[in-house]
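Hey, can you work out the whole structure from these sequences and the hints?
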Amino acid sequence: MTTAALPLQRVHARRGWLARFIRRNPTGTAAVVAIFVMAVIAALAPWVAPYDPVANDFASMFSPPGPPHWLGTDAFGRDVLSRVIYGARTALVVGFASSLSGATLGAAIGVVSAYFGGATDIVVQRFTDILVSFPLIVLALAMIAILGGGTGNLIAAIAISFVPRIQLVVRASALGVRRTAFVEAARAIGAGHWRIIFRHMVPNVVAPYLVMMTAFLGQAILLEASLSFLGLGVNEPTAAWGLMLSGAAVEFVQRAPWMAVFPGLAITFTVLAFNVLGDSLRDALDPRLRT
Amino acid sequence: MTRFILTRLFLIIPTLLAVAVLIFVLVRVVPGDIVELRLVGGGSFVTKGVIEAERARLGLNKPIWQQFVDWMTGLVRLDLGTSMWTGAPISHEIAIRLQLSVQLALMSTLIAVALAVPLGTLAAVRRGTVIDYAVQVFSVAGLATPSFWLGILLILFLLTTFHWLPPLTFTPLWQDPRANLLQLIWPALAVGYRYSAVTTRMTRSAVLEVLREDYIRTAWSKGLASKTVLRRHALRNAMMPVVTVIGLEFAFLIGGLVVTEQVFNLNGIGKLFVDAVGRRDYTLIQGLMLLIAAIYIFVNFVVDLLFAWLDPRISYE
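From first to last, the protein sequence lines are chains A and B. In case it helps, this note's numbering puts the first sequence at residues 1 to 291. In case it helps, this note's numbering puts the second sequence at residues 292 to 608.
Simulated from the structure, these hints should not be mistaken for lab results. Even glycine gets a Cβ: it sits at the ideal position worked out from N, Cα and C. Be aware that one or more of the hints could be misleading.
[What the hints assert, rightly or not] Here are a few chain B residues that face chain A, going by a calculated C-beta distance under 10 Å:
1. Met292
2. Thr293
3. Val310
4. Val431
5. Gly442
6. Leu444
7. Tyr587
[Said to hold, decoys possible] Sample of chain A residues with no beta-carbon within 12 Å of chain B, all distances over it, derived:
8. Ala75
9. Asp121
10. Gly148
11. Val202
Written out as structure tokens, the structure reads:
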């Protein structure tokens with residue numbers, strides 16, 4: 001729910017909302033630009049990356065950074081720069097897919113649960129109360145134990161672990177909307193349940209939904225990296241930042257520190273960009289969610 | 292007060308039973324056969340008889356309701372069952388690792404609080420200055436840095452400057468306190484930094500809010516020293532939300548331990564959980580999830596008690 005803007009501000013907003021957003025949120029703008037650049041590089045990975053990210057080259061194992069391998073090579077002689085670039089693909093695909101599906105499923109449950117209320121709502125809320133008491137990574141790990149490994153299951157596991165959290169927030173907003181006069185009016189003129197849900201409830205919970213989804217993007221990338229690091233996420237030889245940090249990167253950290261430093265920097269900068277974007281989006285859309 | 296504590300403690304039991312039901316539903320009712328996954332997953336050929344025998348050994352040939360009754364009746368007798376992988380009692384598997392993880396969690400919390408409260412207060416008092424921005428960058432970076440990567444960097448730093456490697460075996464505190472602390476301080480730092488990020492933000496905003504209050508202006512205007520105003524008037528009142536965050540984060544600390552224990556080769560609860568997931572040891576996963584939920588519920592209970600102690604206006608009578 002956006003707060004009602006004053007007419008004056010609204011005119012101003014229409015004239016240049018982009019310019020205003022940039023002026024008010026310089027860090028948020030920087031984050032958007034960084035994410036955009038990253039997405040372009042990830043999309044153009046086959047043309048940007050100097051080497052094949054999965055090609056072994058045992059003649060140049062553990063090469064230090066410098067030409068022709070600008071970020072060095074790993075224990076299999078694979079080019080670290082190329083693997084970091086392709087790793088961005090994995091991180092962004094898993095991050096977007098899991099937070100979009102998790103947030104959507106959670107929001108749907110939250111709205112329906114709030115709208116119908118009653119016994120369904122009570123059962124759903126009891127389950128949610130229990131599920132939010134587990135750290136995200138614990139829920140995701142439990143899901144992986146059930147679903148199995150691989151990128152598809154990893155996305156599902158991360159998405160499911162988000163569901164209870166977003167469900168809680170969206171339900172709280174939806175409860176407020178349910179009590180408003182326009183929902184009452186819609187019911188009075190004989191609108192059906194689903195019409196009320198889609199036409200009146202859903203548009204009014206879009207703001208918390210977007211805020212939560214953006215906040216989860218950074219978390220999802222961090223989770224993907226952690227799970228891949230533990231060997232329970234993306235499988236070798238796919239390029240993924242977490243995977244690059246496991247095994248040889250720890251074992252040979254003194255001999256080849258570049259193997260450990262660059263993928264970690266990539267994770268940190270990406271998560272940082274998404275977190276900053278999430279924070280400024282929250283401030284812009286829904287200041288009440290500020291923590 | 293005693294009555295309140297007893298009621299709250301008593302209410303934990305039905306909550307835990309509900310958690311146990313949900314965990315069973317979550318882990319078991321979902322389709323998928325552990326035995327097949329484990330025996331055939333490696334690509335080897337096994338006969339149907341072997342699979343059946345393994346299922347019978349693990350009690351998986353019983354109907355699902357029977358397995359559920361077994362799990363619940365076991366819990367009532369405080370029996371978590373046996374691990375599907377090692378065959379050892381789960382309570383034993385947990386007990387031998389709990390000390391390490393609890394100590395690590397407490398040390399991480401100490402580090403986090405020692406970082407967060409002074410930094411958050413400083414940022415609030417010096418709002419809008421370079422110090423404030425520096426603290427905010429420090430905490431935003433903490434949220435984005437994976438603790439396992441920080442752990443790897445710490446090991447790299449220790450190796451290059453001190454030629455020190457994390458030892459392979461764990462030394463308990465009472466055997467050799469110095470070796471024990473030296474071993475756990477680095478993983479505690481890796482987990483604690485991330486943990487401090489949220490608490491720093493919370494401290495900053497809580498102190499900022501309190502500094503706007505009338506009684507702070509009164510305290511200033513009657514000429515009290517800034518130290519007194521901060522300590523006696525501002526910090527004391529700002530501590531409530533901070534304590535909540537510290538409590539919640541402590542309960543979530545196990546999530547940080549899951550990866551960090553792996554990096555530092557520590558055989559704690561987090562590593563046990565990862566191993567259990569890797570081996571699809573469902574009974575062990577169930578037991579550990581119940582333990583994590585129990586810790587969360589218990590910490591919440593302690594936070595409630597702390598509230599009553601911090602704020603005399605709250606009484607639970």
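Outcome of the hint check:
The beta carbon of Met292 (chain B) is not positioned within 10 Å of any beta carbon in chain A (closest approach about 25 Å), and the interface hint is therefore violated. Of the supplied interface hints, the one on Thr293 (chain B) is violated, with its beta-carbon coming no nearer than about 26 Å to a beta-carbon of chain A, more than 10 Å. Taken as an interface hint, Val310 (chain B) checks out: its beta carbon lies about 5 Å from the nearest beta carbon of chain A, inside 10 Å. Given hint, Val431 (chain B) at the interface with chain A, holds; its Cβ is 7 Å from that chain's nearest Cβ, closer than 10 Å.
Nearest Cβ of chain A to the Cβ of Gly442 (chain B): about 9 Å, under the 10 Å cut. The hint holds. Taking 10 Å as the C-beta contact cut-off toward chain A, the hint placing Leu444 (chain B) at the interface holds, the least distance being around 7 Å. With a least beta-carbon distance of about 4 Å to chain A, the hint placing Tyr587 (chain B) at the interface is held under the 10 Å criterion. Here Ala75 (chain A) stays apart from chain B, with its beta-carbon at least about 15 Å from theirs, past the 12 Å limit.
At the 12 Å boundary, the C-beta of Asp121 (chain A) stays outside the reach of chain B, the nearest C-beta of that chain being 16 Å off. Consistency note on Gly148 (chain A): stated as away from chain B, yet its beta-carbon is not over 12 Å from all of that chain's, at 7 Å minimum. Chain B leaves Val202 (chain A) outside its interface by the beta-carbon criterion, the shortest separation being 28 Å against a cut-off of 12 Å.
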